[in-house]
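Based on the hints, put chain B with the ligands in the right spot on chain A.
So the protein sequences, as listed, match chains A and B.
Counted from 1, the first sequence has number 69 at position 70 by numbering that gives the first Met the number 0; the numbering is strictly sequential.
Counted from 1, the second sequence has number 221 at position 222 by numbering that gives the first Met the number 0; the numbering is strictly sequential.
Because the hints were derived from the structure by calculation, they are not lab data.
This structure is a prediction, so every number in the text was calculated from the model and none was measured.
Don't be surprised by glycine CBs; every beta carbon is placed ideally from N, CA and C.
Careful, some of the hints might be misleading.
Partial list, derived from the structure: chain B residues whose beta carbon lies under 7 angstroms from chain A [stated by the list, open to error]:
| hint | residue |
| --- | --- |
| 1 | Leu101 |
| 2 | Gln139 |
| 3 | Ala179 |
| 4 | Glu182 |
| 5 | Arg185 |
| 6 | Val186 |
| 7 | Met190 |
| 8 | Gly191 |
| 9 | Val192 |
| 10 | Glu269 |
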Amino acid sequence: MHTEQGSPLLRLQGLKIAYGGIQAVKGIDLELRAGETVCLIGANGAGKTTTLNAIAGVLPIAGGDIEYRGERINALPAHRRLRAGIALVPEGRGIFTRLTVEENLRMGAYSRNDAAAIEADLERVYTMLPRVKERLPQVAGTLSGGEQQMVAIGRALLSRPRLLLLDEPSMGLAPLVVEKIFEVVQSVAREGVTILLVEQNANLALEFAQRGYVMESGRITLTGTGGALLQDPKVRAAYLGEDA
Amino acid sequence: METLIQQFINGLVIGSVYALIALGYTMVYGILGLINFAHGDVLMVGALVALQTMMFLMGIAPGMSPLVMLAIALAVAMVICMLLGFTMERLAYRRLRNAPRLAPLITAIGVSFLLQTLAMIIWGRNYHTFPQLIPTTPLQPIPGVFVTPVQITIVVVSALLMSGLLLLVNRTRIGRAMRATAENHRVASLMGVDTNAVIALTFVIGAALAAVAGVMFASNYGIAHYGMGFMPGLKAFTAAVLGGIGNLGGAMLGGVVLGLVESFGAGYIEHLTFGFLNSSYQDIFAFIILGLVLIFRPTGLLGERVSDRA
Ligand SMILES: Nc1ncnc2c1ncn2[C@@H]1O[C@H](COP(=O)(O)OP(=O)(O)OP(=O)(O)O)[C@@H](O)[C@H]1O
Ligand SMILES: [Mg+2]
Numbered sequence: 000m001h002t003e004q005g006s007p008l009l010r011l012q013g014l015k016i017a018y019g020g021i022q023a024v025k026g027i028d029l030e031l032r033a034g035e036t037v038c039l040i041g042a043n044g045a046g047k048t049t050t051l052n053a054i055a056g057v058l059p060i061a062g063g064d065i066e067y068r069g070e071r072i073n074a075l076p077a078h079r080r081l082r083a084g085i086a087l088v089p090e091g092r093g094i095f096t097r098l099t100v101e102e103n104l105r106m107g108a109y110s111r112n113d114a115a116a117i118e119a120d121l122e123r124v125y126t127m128l129p130r131v132k133e134r135l136p137q138v139a140g141t142l143s144g145g146e147q148q149m150v151a152i153g154r155a156l157l158s159r160p161r162l163l164l165l166d167e168p169s170m171g172l173a174p175l176v177v178e179k180i181f182e183v184v185q186s187v188a189r190e191g192v193t194i195l196l197v198e199q200n201a202n203l204a205l206e207f208a209q210r211g212y213v214m215e216s217g218r219i220t221l222t223g224t225g226g227a228l229l230q231d232p233k234v235r236a237a238y239l240g241e242d243a
Numbered sequence: 000m001e002t003l004i005q006q007f008i009n010g011l012v013i014g015s016v017y018a019l020i021a022l023g024y025t026m027v028y029g030i031l032g033l034i035n036f037a038h039g040d041v042l043m044v045g046a047l048v049a050l051q052t053m054m055f056l057m058g059i060a061p062g063m064s065p066l067v068m069l070a071i072a073l074a075v076a077m078v079i080c081m082l083l084g085f086t087m088e089r090l091a092y093r094r095l096r097n098a099p100r101l102a103p104l105i106t107a108i109g110v111s112f113l114l115q116t117l118a119m120i121i122w123g124r125n126y127h128t129f130p131q132l133i134p135t136t137p138l139q140p141i142p143g144v145f146v147t148p149v150q151i152t153i154v155v156v157s158a159l160l161m162s163g164l165l166l167l168v169n170r171t172r173i174g175r176a177m178r179a180t181a182e183n184h185r186v187a188s189l190m191g192v193d194t195n196a197v198i199a200l201t202f203v204i205g206a207a208l209a210a211v212a213g214v215m216f217a218s219n220y221g222i223a224h225y226g227m228g229f230m231p232g233l234k235a236f237t238a239a240v241l242g243g244i245g246n247l248g249g250a251m252l253g254g255v256v257l258g259l260v261e262s263f264g265a266g267y268i269e270h271l272t273f274g275f276l277n278s279s280y281q282d283i284f285a286f287i288i289l290g291l292v293l294i295f296r297p298t299g300l301l302g303e304r305v306s307d308r309a
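Chain A with its partners taken away, still in its complex shape (with noise of 0.2 angstroms):
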């Protein structure tokens, strides 16, 4: 996939967002480069769902701008940003329980006119997901965690994004699953798709991703590559359990 390498894809400029007269988000800056995987860790209630939910449009900003492709997006609806390439995989999922398997990846490309296309990466996604193929009938409500959280993601890829947001995909799911799901988001990472992952799971997200920000109750505190987060001694401390 062609990727554009250095101009800037998505870009926060003092984002601020409220719920009721509440600042959740406290006026961030974050820039993503076209191809990059960057990650956004930080301790409960820090802000990093309600950020990503406001780059996807399903939750309005009180200030600050949101950029991408070089267009202000502030008011773009989160159906229109879908269309432009923005793809969040929501946390907890967001599942349809009461739609098929199938159905629940079709809504993935619900955006999309090319039929044929849409089957070649329904077949994609099957081969990346076996489990998901195995279960295409069923209604989603009845799957485990694991196997929704791939549906999600296979779901999110078929609407082809060039941005993925990724809200704990680890949530809640055994080492093993965790494994197979970071190889899947490695492998659309490898094909250009430009990703930005939430996690709990500090680690794992700072050996994953080349960059990362660390956010602290609506606020970046830190930020700088994987390698260089995971060795920073309030990093260790206050995110992977280690005294300072």
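Chain B with the ligands only, in chain A's frame:
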């Protein structure tokens, strides 16, 4: 035996009409968690617009074949009702999407009064004779059992419309988007679904079905007036609850079951009450059923959990 078959046929006919209306309630509830109490009045608007169209056509083209006239009147009524459904959602309900539940409910009752009052201003308070363009002379398929062509048409058209709706919702891309939106607006929008458009479409489809139901209702009884939507609306709502509100198959089943209960009930109510009540009290069955369902099976016949719906 003939009486039983006759009651079954009558019940099936009125039940089909209830089912068509109930679908509108249940679709809107399924996607918004809103009980659109103005839905019954859409049926009334459909009937009166069809009536107006027929009068107009009779004036300008007296020789027109009755069936063509009916078809045109029905089409006009559907279009007007679809616009009405769209406008209702856009002006009244959309801005209340995140308001506490009572606000849209009270608004719906307000919209209902508004539509009735407007209809009263336009068409007056009188009962209008509704032209019976489909022959009403009964056929006798079995000696002692009577079926009118109107009744046959009602059942056949209802069955076709309901099959079409089921196909649309369960087998098409837009239907899948409707089901996805009903389950989770936010995630549906993350899939690229314009959920506002899907919700508007839901109102429009419900209104089109109500328009057809209104023309059927008026054709069957031969009258139309501004308050005619209230009772069938309330009964169709009962049917939707009986079937399990939010569930399409449930609305269809609930409508037909309610029609049958009413029809058989009307036949036996005099015996059941030792002559105290006669068949003009048949309306009580709908409300007895509504009470019983709400007490013993609030999720309805085919319903799932309702509490966690958006
Ligand atoms: N719908 C909401 N209404 C009000 N406040 C909210 C809402 N969602 C989140 N918040 C608040 O916003 C802040 C940030 O929450 P957010 O979910 O973004 O955190 P997070 O970093 O994703 O945490 P976690 O790691 O637990 O998922 C928290 O203080 C939270 O209580
Ligand atoms: Mg979160």
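Structure-based check of each hint:
{"no.": "1", "hint": "Leu101", "result": "violated (20 angstroms)"}
{"no.": "2", "hint": "Gln139", "result": "violated (47 angstroms)"}
{"no.": "3", "hint": "Ala179", "result": "holds (5 angstroms)"}
{"no.": "4", "hint": "Glu182", "result": "holds (5 angstroms)"}
{"no.": "5", "hint": "Arg185", "result": "holds (5 angstroms)"}
{"no.": "6", "hint": "Val186", "result": "holds (4 angstroms)"}
{"no.": "7", "hint": "Met190", "result": "holds (5 angstroms)"}
{"no.": "8", "hint": "Gly191", "result": "holds (3 angstroms)"}
{"no.": "9", "hint": "Val192", "result": "holds (6 angstroms)"}
{"no.": "10", "hint": "Glu269", "result": "violated (45 angstroms)"}
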